[in-house]
Amino acid sequence: MNGVHDMGGMHGFGPIPIEEDEPVFHEDWEAKVLAMTLALAGWQRWNLDRSRYAREALPPAAYLSMSYYERWIAALVDLAVENGLLSREELREGRPASDSERCDPPVPAERVRDILSRGGPTVRETSAHPRFSVGDAVRTRNIHPAGHTRLPRYARDKCGEVVLHHGAHVFADAHAMGQGEQPQHLYTVRFAARELWGDQASPKDSVHIDLWEPHLDAQ
Amino acid sequence: MTGDNHIHDHPHSLLPSDPELRVKTLESLLVDKGLVDPAALEAYIQVYSEEVGPMNGARVVARAWCDPDYHARLLADGTAAVWELGYSGRQGEHLKVVENSPELQNVVVCTLCSCYPWAVLGLPPAWYKSSAYRARVVREPRAVLKEFGLELSEDVEVRVWDSTSEMRYLVLPERPQGTEDWSEEALASLVTRDSMIGVAKAIEPGRAGQ
Numbered sequence: 001m002n003g004v005h006d007m008g009g010m011h012g013f014g015p016i017p018i019e020e021d022e023p024v025f026h027e028d029w030e031a032k033v034l035a036m037t038l039a040l041a042g043w044q045r046w047n048l049d050r051s052r053y054a055r056e057a058l059p060p061a062a063y064l065s066m067s068y069y070e071r072w073i074a075a076l077v078d079l080a081v082e083n084g085l086l087s088r089e090e091l092r093e094g095r096p097a098s099d100s101e102r103c104d105p106p107v108p109a110e111r112v113r114d115i116l117s118r119g120g121p122t123v124r125e126t127s128a129h130p131r132f133s134v135g136d137a138v139r140t141r142n143i144h145p146a147g148h149t150r151l152p153r154y155a156r157d158k159c160g161e162v163v164l165h166h167g168a169h170v171f172a173d174a175h176a177m178g179q180g181e182q183p184q185h186l187y188t189v190r191f192a193a194r195e196l197w198g199d200q201a202s203p204k205d206s207v208h209i210d211l212w213e214p215h216l217d218a219q
Numbered sequence: 220m221t222g223d224n225h226i227h228d229h230p231h232s233l234l235p236s237d238p239e240l241r242v243k244t245l246e247s248l249l250v251d252k253g254l255v256d257p258a259a260l261e262a263y264i265q266v267y268s269e270e271v272g273p274m275n276g277a278r279v280v281a282r283a284w285c286d287p288d289y290h291a292r293l294l295a296d297g298t299a300a301v302w303e304l305g306y307s308g309r310q311g312e313h314l315k316v317v318e319n320s321p322e323l324q325n326v327v328v329c330t331l332c333s334c335y336p337w338a339v340l341g342l343p344p345a346w347y348k349s350s351a352y353r354a355r356v357v358r359e360p361r362a363v364l365k366e367f368g369l370e371l372s373e374d375v376e377v378r379v380w381d382s383t384s385e386m387r388y389l390v391l392p393e394r395p396q397g398t399e400d401w402s403e404e405a406l407a408s409l410v411t412r413d414s415m416i417g418v419a420k421a422i423e424p425g426r427a428g429q
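One line per chain: the protein sequences are F and Y, in this order. So the first sequence is numbered by our numbering: it starts at 1 and just counts up by one. So the second sequence is numbered by our numbering: it starts at 220 and just counts up by one.
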């Protein structure tokens with residue numbers, strides 16, 4: 001979606017907030033947010049792409065005014081309600097509904113390290129032949145879907161060159177929208193900085209973006 | 220999928236406005252319902268506070284500096300080479316290593332969210348997740364690098380990697396001069412998180428306190 005999250009190229013955000021010797025978490029509650037987000041994913045009611053979309057779908061003003069982990073908690077709550085893990089009543093009251101049955105968490109402490117070390121690989125087998133090869137000239141599509149997309153706005157309708165082919169991967173744009181994995185060939189496309197930003201960019205520089213086949217046309 | 224309904228209807232607004240209170244309320248609700256195991260929450264926090272961090276990536280880089288075969292394997296298949304050292308898993312499932320040289324500086328960003336190679340670098344720093352970095356580094360990488368203290372000559376090529384899929388990027392920085400007889404362990408101490416994102420060089424030996 002053309003949300004405020006799609007920030008590449010925007011002006012006005014000021015200098016980079018560099019912090020010396022930054023702690024992993026600035027507040028204990030931030031650590032809890034990370035942990036709750038990972039633990040609730042164990043219910044498998046939504047996937048990683050869907051949770052990214054939930055963060056993007058926060059209203060732009062709210063998105064910008066929230067800190068990083070505040071966005072995570074907001075998206076997590078929205079997903080939990082949308083997918084039936086919590087009710088609005090329970091959120092309002094801060095306790096389980098009287099008729100709520102106690103569940104058995106799918107991720108007990110002893111499984112955490114194993115789950116994290118396995119991760120969630122997204123490469124998939126496909127019989128579809130890749131449309132593009134390394135070295136091919138491609139043009140990104142000019143799309144503006146209301147749903148999730150991993151084609152950033154600054155790189156739409158731009159010409160680039162395929163520099164890597166990663167095989168087929170879960171197609172995030174579909175997966176986030178509950179349309180299944182729909183594996184598609186994934187490429188890294190090199191864009192000259194001047195193609196994206198005009199003459200103000202250095203002629204030597206480039207931006208490389210991972211894009212799926214449905215984002216690309218032959219040039 | 221509820222489409223627009225989802226976008227305009229936000230249950231999170233039912234929680235208290237103070238973040239700390241909001242998180243406490245949610246945590247106790249989740250625990251009371253049995254949706255999460257409190258010990259599992261502690262385990263997740265421990266992993267990312269103490270066990271997984273940039274020291275993993277630093278060992279990968281130091282090994283590549285010392286062992287030409289490993290160096291070749293790392294560039295050919297980053298995922299497999301990092302697995303060899305035991306650094307696998309979440310946000311590191313598919314790893315591509317890009318190498319710097321005197322003529323080339325690679326820099327990594329995720330303009331859309333905060334994608335980052337957790338398995339080798341741990342959780343990203345706040346600046347990596349900031350609006351300023353995400354917005355600017357694709358458009359004016361040299362100005363951004365300068366803010367990190369890295370001023371590049373116009374002759375140096377800058378390649379920015381915008382991580383939009385589950386591919387994760389790790390920058391292999393240049394090995395500092397004067398470290399020819401250093402041990403792998405000592406070399407790892409020169410490799411910073413920022414140098415593996417590409418906004419800095421590895422530490423020069425004279426400045427490492429060695």
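Treat each hint with caution, since some may be false.
Straight-line distance between alpha carbons at most 30 Å, and here's what the computed DSS-like set of lysine-lysine pairs gives [to be verified]:
(1) F:Lys158 to Y:Lys365
(2) F:Lys204 to F:Lys158
(3) Y:Lys243 to Y:Lys348
(4) Y:Lys365 to Y:Lys252
(5) Y:Lys348 to F:Lys158
(6) F:Lys204 to Y:Lys252
(7) Y:Lys365 to Y:Lys420
(8) F:Lys204 to Y:Lys420
(9) Y:Lys243 to F:Lys204
(10) Y:Lys365 to Y:Lys348
Computed footprint of chain Y on chain F; a stretch qualifies when at least three of its residues, placed anywhere within it, have a C-beta under 8 Å from a C-beta of chain Y [unchecked claim]:
(11) 75-82
(12) 95-104
(13) 132-144
(14) 161-174
Computed from the model, here is a short list of chain Y residues facing chain F with C-beta under 10 Å [what the hints assert, rightly or not]:
(15) Val242
(16) Lys243
(17) Asn319
(18) Ser320
(19) Ser350
(20) Glu373
(21) Val418
(22) Ile422
For the record, the hints were derived by calculation from the structure and aren't laboratory data. Values in this document were obtained by computation on a predicted structure and should not be read as measured data. Just so you know, even glycine gets a beta-carbon here, dropped at the ideal spot from N, CA and C.
These are the hints, each one checked on the structure:
Straight-line distance between C-alpha atoms of F:Lys158 and Y:Lys365 comes to about 28 Å, which keeps the hinted pair within the 30 Å bound. Our distance criterion of 30 Å between C-alpha atoms is met by F:Lys204 and F:Lys158, whose separation comes to about 17 Å. Between Y:Lys243 and Y:Lys348, the direct Cα distance comes to roughly 24 Å. Compliance with the 30 Å bound is thereby established for this hinted pair. Only pairs whose Cα atoms come within 30 Å are accepted, and Y:Lys365 paired with Y:Lys252 is rejected, the gap being roughly 50 Å.
The hinted pair formed by Y:Lys348 and F:Lys158 meets the criterion: a straight-line CA distance of about 26 Å does not exceed 30 Å. For a cut-off of 30 Å, the pair hint linking F:Lys204 to Y:Lys252 is broken: about 56 Å separates their Cα positions. Taking the CA atoms of Y:Lys365 and Y:Lys420, the gap is near 12 Å; set against the 30 Å cutoff, the hint holds. For the hint pairing F:Lys204 with Y:Lys420, the CA-to-CA distance comes to about 20 Å; that is within 30 Å, so the pair holds.
For the given pair, Y:Lys243 sits about 50 Å from F:Lys204 by alpha-carbon distance, which is inconsistent with the 30 Å threshold. Proximity of Y:Lys365 to Y:Lys348 is assessed by CA-CA distance (about 18 Å); at most 30 Å being required, the pair is judged to hold. Requiring three or more residues with a Cβ within less than 8 Å of a Cβ of chain Y, the coverage given for the stretch 75-82 of chain F holds, as 7 such residues are present. Look at the stretch 95-104 of chain F against chain Y: 6 of its residues bring a Cβ nearer than 8 Å to a Cβ of that chain, three or more, so the hint holds.
Note: the stretch 132-144 of chain F has 0 residues with beta-carbon separation from chain Y under 8 Å; the three-residue rule is not met and the coverage is violated. Counting residues of the stretch 161-174 of chain F whose CB lies closer than 8 Å to any CB of chain Y gives 5, so the stated coverage by that chain holds, three being the minimum. Because the beta carbon of Y:Val242 sits about 4 Å from the nearest beta carbon in chain F, less than 10 Å, this interface hint is met. The beta carbon of Y:Lys243 is positioned within 10 Å of a beta carbon in chain F (closest approach about 7 Å), and the interface hint is therefore held.
Interface hint at Y:Asn319: violated, since its Cβ lies 14 Å from the closest Cβ of chain F, which is beyond the 10 Å cut-off. Given hint, Y:Ser320 at the interface with chain F, is violated; its Cβ is 13 Å from that chain's nearest Cβ, farther than 10 Å. Checking Y:Ser350 against chain F: minimum C-beta separation of about 4 Å stays under 10 Å; hint holds. Hint status for Y:Glu373: holds, given a least beta-carbon distance of 7 Å to chain F, under 10 Å.
Taken as an interface hint, Y:Val418 checks out: its beta carbon lies about 9 Å from the nearest beta carbon of chain F, inside 10 Å. About 14 Å separates the beta-carbon of Y:Ile422 from the nearest beta-carbon of chain F, more than 10 Å, and the hint is not met.
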